[in-house]
Every structure is written in structure tokens, then in C-alpha cells.
Amino acid sequence: MFSGKNRAGIRRINYRIAALFSGLFALTSLLLLGGVYFTVRGSLREKELEFIRHKLLGYWAVTQTRDVEEVLAGLESGAVGLEGTPFFLRVSDEDNATVLFIYPQGWRDFFPDNLEGAPRNPDALLTLHSPNRKYSLTAAGIPLGDEYFLQVGVSTEQSRKALSLVVRNFSLLLLPLMLLSAMVGAFLTARTLSPIQKLAAAAVSIVDTGNLNERIDAVRARDELRDLVGPFNRMIEHIETVVKGMKGTLDSVAHDLRTPLTRFRGLAELALRGPEDGRRCREALQDGLEEADRILTLLNAVMDLSEAESGTLRLEMADTDLVELTRKLVDMYAFVAEERGVRIRLQGPETLRAFVDPGRFRRVVGNLLDNAVKYSPDGEEILVLLSTRDGRPRLEVRDRGPGIPAEDASRIWDRLYRGAGSKSKPGLGIGLSIARAITEAHGGSIGLIPVPGSSPGPVPGSSPGSGPDSGPVQGSDSSLDPRPGSGPGLMSGSVPVSGSGSGPGPGPGACFFIELPAPSITKL
Amino acid sequence: MRVLIVEDDRKISSFVAKGLREAGFAVVAVNSAEDALAAFASGAFDAAVVDIMLPGMDGLSMIQKLRERKVETPILILSARRSVDDRVLGFRKGGDDYLTKPFSFSELLVRLQSLIRRAGPPGGTVPTRLEYADISMDLVSRQVTRGGRRIDLQPREFALLEYLLRHPGQALSKTMILEHVWDYDFDPQTNVVDVLVFRLRSKLERKADRKILHTIRGVGYVLREE
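Heads up: the protein sequence lines correspond to chains A and B, in order.
Residues in the first sequence are numbered from 1 upward in steps of one, following my numbering.
Residues in the second sequence are numbered from 525 upward in steps of one, following my numbering.
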């Protein structure tokens, strides 16, 4: 389905976008971590200093009401509690020599003798490290009277632990979050790119397999992608129509030509099998020529039909006067009709404009007229009615023939279908199919309408006498074929036959209509 | 009359050449556009029959080249394509008539003669009378007589007889008549031509008159003295 090259290309885009997404996420996370770290560290340090300051001020307050020496003595003897948070306490004299030094056990290592060299500055913060620099103490001092200087220090161990906890937890969170973000990124990318991926897949699949049924689900595509998917689907649809049409044409042409070609071959074979006889051969050749012409006519008609049916027909639309077009055709078909005393009456407005392909539409009307003339009983009238209905040009061709049996009504449009009554009539059985295909290619509709006054279903013999002329409708099948064996022969001087007597009377009749789309102003 | 046939299908070329020679033409047949251009360079022709699908340069390009060189020889295009577009293109490129394959030879002959006649010397007199055997047609007064007897014809019958008189002894097919008399370019699946011929015949061959308008089965109709 998917060619490797294409898949790799789209995957690359997928990965790139996913990687970019998780990278961005990681960067923001790190910035956030940094912010949290420094905030937490600052606040912990603030807490240590607060503690130190609190202690210092506590001792200072005591020395305000009592003698310093007394307080120091009390401290030394353990009168001042050192419980709670461990801290060290050092008192030095004017020369920064240690007077009193109390510290928890194990802190010894923090105090090389450098404390005596430290400045006696109340604002200075002192940081003391253990020899392995793993732990540290923070200390600050305050003068006690004029002589002494008091220093208090606490361990930063608690803060360090808290901070490392923050960092550790954050790191633990960060990894799954990074993974999650990568996944979300990949998911979003895939979701965003899926129409493109499908588009590419469909295109590749069509190229690889020649299968034009592929479409992309346009409903789920979003926004700009829908703009891409829509035209793509339309393009495929058009290609599919054309290709299917071509395939269909080929199939049906082959099918439709087989029968006449077989006849053609049979003619020649028969002539060759017989005794050598110039006259017979000549006749066979003449038959062959006629058959060849029929094949050619059929080929042309079938090609036209397939083209029209498949929608690949290119119409040369023009602003056309349907009245003028119909009048010319009526003139021609009347020529044939009058041989049998059949009149064709054209009724309609002065002009009727429509937007059609005149050459092709002539065929439609011609086929309907031909049909009507063929089935009209001698001496009857064919009515051609032009009108507009809701702005749509409309043409009706009404004959008084045997009508179309209900069981045939839907099948008369099938190619090469010939109703029971039409077998003896000349024709290919393709005229109505072409008429319908061309009309529909014009965006119009074509159909059969029940003739007013006749029975709704023009089934022969169903309701004799209900026709407009109350002519006797002949019963059963015979009425379907009013003129058995009547070909296109040259009949002259046919006496118009009325509804009764020798000839077949008017049947319920058939009425075909064509309705075209209303001509739009912009097209004119 | 010299006619050039440009056709790469040997069978078609030879049957057209044979038929034209029988009809009294001098025929030169070539099978490519390049050879045709060379033939035109070395001599003049009264008409050419050109197939569109040729090996190498196609027929339409060849016609265009000829027209660019101011060669005005009437050209009849032969083509297997029958769409309106193809016809229009053929005329636009400089073709004078268009015949689709398969065609009947008689139609090709009639069309070729019409082309040559139309391209004839401009100073030539336009005939006002057409005559064949004992039939006479005055194109101005539109009067028709046979053996001195006046025949009244309807406009369509007149048009058909005029067409036949212009091509005496040549078979005219139903399609050609349909196109000429009704200007109708598709097969209307009707026997309108039969009807018209029947009517004209019954007016021409009244009573003891000799038969003159004959039907050739599978081919068409011909005006010929027996």
C-alpha cells in the first residue's frame, strides 16, 4: 500500500515534530525546576538566618538585664538550654579570643582554629565547612556589651536535605513527563498529519494498484486540511468517472458488436459454402455491405451512449431556440410520417430559449420523434408540445400508439432493450437510452407521463374505451404490435385509418417529456 | 487531374488509388507526410487525400505546413476520429473536407470531385443549367423537365435532384443525401431518405419513362441511363 520512500518521509516529519515538542517541554521543565530550586533554597536559608537571629537576640536580651559574665557562667554550667535544633554558640572577647564555645558533639571537625581570625562584624555571615566539604554551618554574630561578641551557627543539613529532595522528586517526575510529552507530541503530530498521510497513502495506493475506489474521510479532516482533502477526492472522483466510463465503453462496445459481427461473418461463410454463383455472391456482398453499415451505425451510437452515460461527454453548450430546433426536426420526421397519414403538430410559444448543446439535443428530440412516428397508428396525430414549467423549458411528444406496457415502462431506457411490440420495428433499441443519457448530461430529466384520460398504467386492454378517442384498444399482445412486419418500407398513398375498422386504432398512447434546467442568466 | 494520396495503410491506399484511377484520375500514392511534402515540392496536384494518423509527422501538421507554403490544393482529410472537435480541428488546420473511416468509396469520389470543382479557375462560368440524359434543371427559374415534360418538385425533391445531377452516374449514400438535403449530420434512424427518393423517383419515372434513378443495395442511389 505504502511505498517505503513516502512512508519514511512522513515518518521523518512525525519524529521531527514529536522531538521538537518534547524538547520544548523539557526546556520549560528545567527552567521551572531552576525557579523552584532557587526559591526553595532562598526560603530555607531565610529560615536558618531567622533562627540564628532569634537566638542571638534572645541572648542579647538576657544580657541587657543581667550581667554578661553571669550569663556566660550560666551558659557554661548548662543553665541555658541547648535543646531543639542543634546549634553552636561561641563568645569571644575584644581580641577575638574564645571565651565560651558550646557545640553539639561531632561538630568538632568544623572548627579549626580559624574562628578566632573571623571578623567580628555583626552583619557578616560566616560559612563553615566540614573537612570533606560535605556539610556546612552558617553562623552570624552580635556584640554583647562592649567587650564580648556572641556567635551562633546552625547546620545547613536540613536545607540541603530538603533541596535535594526537591531536585530528586523533580527529576523523578521529569523523566515520565518527558516521555509523556514525547508521546503526546507524537500523538498530536500523527493526528494532525493523518489526513496528509492518508492522502499520500491513497495516492500511492492508486498509483500502485490502479484502484480508484480510495477516498479520504473529509469529515474528520480539519480546517486547512479539509481544503486539501476535498479537491483531492474530487480529482480522484473525476479520474474514476473517466476511467470507469472508458472501461464501460469498451465492454459495452465489444458486447454490442459481437452479435452483428457474427451475423456478418455468417453471411460470408454461407455464401462461400454454397456453389460458385456470381449472383449469389453479389447478393451476399450487398447484404454484407448493409450489415457493415449497421455495425458502424451501432458502433457510433454505442460510443455516444457510453460517453454520455459516463459523464465524459463534452457538451458544446449554446443559447438555443428550442422551437426553431424542434421545428426543423418535425419538418424532417413529418416527411416520413405523412407517408402514413400521420401528422405531427407542433404547439408552443414563438420562441423558447434553452442552454443546450444543439447538435446533441437535436438527437434527443429526433429520437423521441422517431419513436413516436414508428409507433403512431396510421392517420393519427403526434403532438409535440413546447412549454415552460417554473422557468424550465419542457418538451412533450405525445403519440396515439399502443402505449407502453407497465412491465416495459422502466426497461425502455435500457440499452438494446426492445419491448415485445417493437421487435418488428427497425431500429437498434438504443435511441431512448441515448436520449436519456444526453438529457441527463444536460442536467435535465426525461420520462414517461401518464396520458390524461387513459388508464394510469397503460396496460393493453386494461380499460378499453377510456382513451381520449375511445378507439377500441385491441386486446392482449396483438395491440402491442399494431403493424406486424411493417418495416421502413416505401408505402405511398396510405389511407389514413380511423380509430376503428381495418387498421389498429389509437391506443392509450405514450407521452414522453423532457425537462431542462432553467437557463441561468449568467450563462447567456 | 492529378491526385495525391497520403495514407500509410496499404490496403486503404491501394483501394482508393484503384478506384480513383478507374474514375480517370492520375494518382500518386505516398505513405508518409514527409514524402507528401516532397511530392508537393516537385509537382502540383489538383487535390489530395490525406490520412491524419501517419508515421512520423501527422497529417494535420503536414497540411498546416503546406498552407504555410501557400499551397492551396484542396485537401480531403481521412480520419478514424469522428468527433466534432476533430472535424473542426481538421478544417482549422487547412483541410477542405473531412471523411471518417470506414467510408464508402463513392462518397470519397463525390466529395473529391466537389472539392476540385469548387477550387476550379475563378473565371469559369457558373452553370445555370444542369442536364443529364433527358432531364434538364434550370437553377435560376428552378424548373425541371424530363423529355420536355415539366415536373413539379417540392424543395427537398429539387435539392436531391440537383445533388444527383451534379454527380451523374455516381452512387450517393443515404448519409450524404441526409447531410446535403437536410444538413443533418447524424443517422436519424429513419427512412426519410428512402421516402424522399421514392417520391422523386415516382415523379421522374412516370408511366412509360425509362428508369433513371436506381437503388444500389448497400451503397445508395444513382442517376444513370440504362
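Keep in mind that the hints were calculated from the coordinates and are not lab data.
Owing to the predicted nature of the structure, the values given are computational and were not obtained by experimental measurement.
Some hints here could point you the wrong way.
Unchecked claim - In silico SDA-like pairs for lysine to any residue, Cα to Cα no more than 25 Å straight-line:
{"#": "1", "chain 1": "A", "residue 1": "K134", "chain 2": "A", "residue 2": "A124"}
{"#": "2", "chain 1": "A", "residue 1": "K244", "chain 2": "B", "residue 2": "D609"}
{"#": "3", "chain 1": "A", "residue 1": "K134", "chain 2": "A", "residue 2": "T156"}
{"#": "4", "chain 1": "A", "residue 1": "K247", "chain 2": "B", "residue 2": "L633"}
{"#": "5", "chain 1": "A", "residue 1": "K244", "chain 2": "A", "residue 2": "N211"}
{"#": "6", "chain 1": "B", "residue 1": "K542", "chain 2": "A", "residue 2": "K247"}
{"#": "7", "chain 1": "B", "residue 1": "K698", "chain 2": "B", "residue 2": "K617"}
{"#": "8", "chain 1": "B", "residue 1": "K625", "chain 2": "A", "residue 2": "T156"}
{"#": "9", "chain 1": "A", "residue 1": "K247", "chain 2": "B", "residue 2": "R606"}
{"#": "10", "chain 1": "B", "residue 1": "K542", "chain 2": "A", "residue 2": "R279"}
{"#": "11", "chain 1": "B", "residue 1": "K727", "chain 2": "A", "residue 2": "D331"}
Claimed, not checked - The following residues of chain A were derived to be distant from chain B, with all beta-carbon distances above 12 Å:
{"#": "12", "residue": "L30"}
{"#": "13", "residue": "D123"}
{"#": "14", "residue": "L199"}
{"#": "15", "residue": "L296"}
{"#": "16", "residue": "R345"}
{"#": "17", "residue": "G379"}
Heads up, the beta-carbon is just placed ideally off N, CA and C, and yes, glycines get one too.
Which of the numbered hints are not met once you compare them with the structure shown? As far as the earlier hints go, 4, 6, 7, 8 and 15 are violated by this structure, in ascending order.
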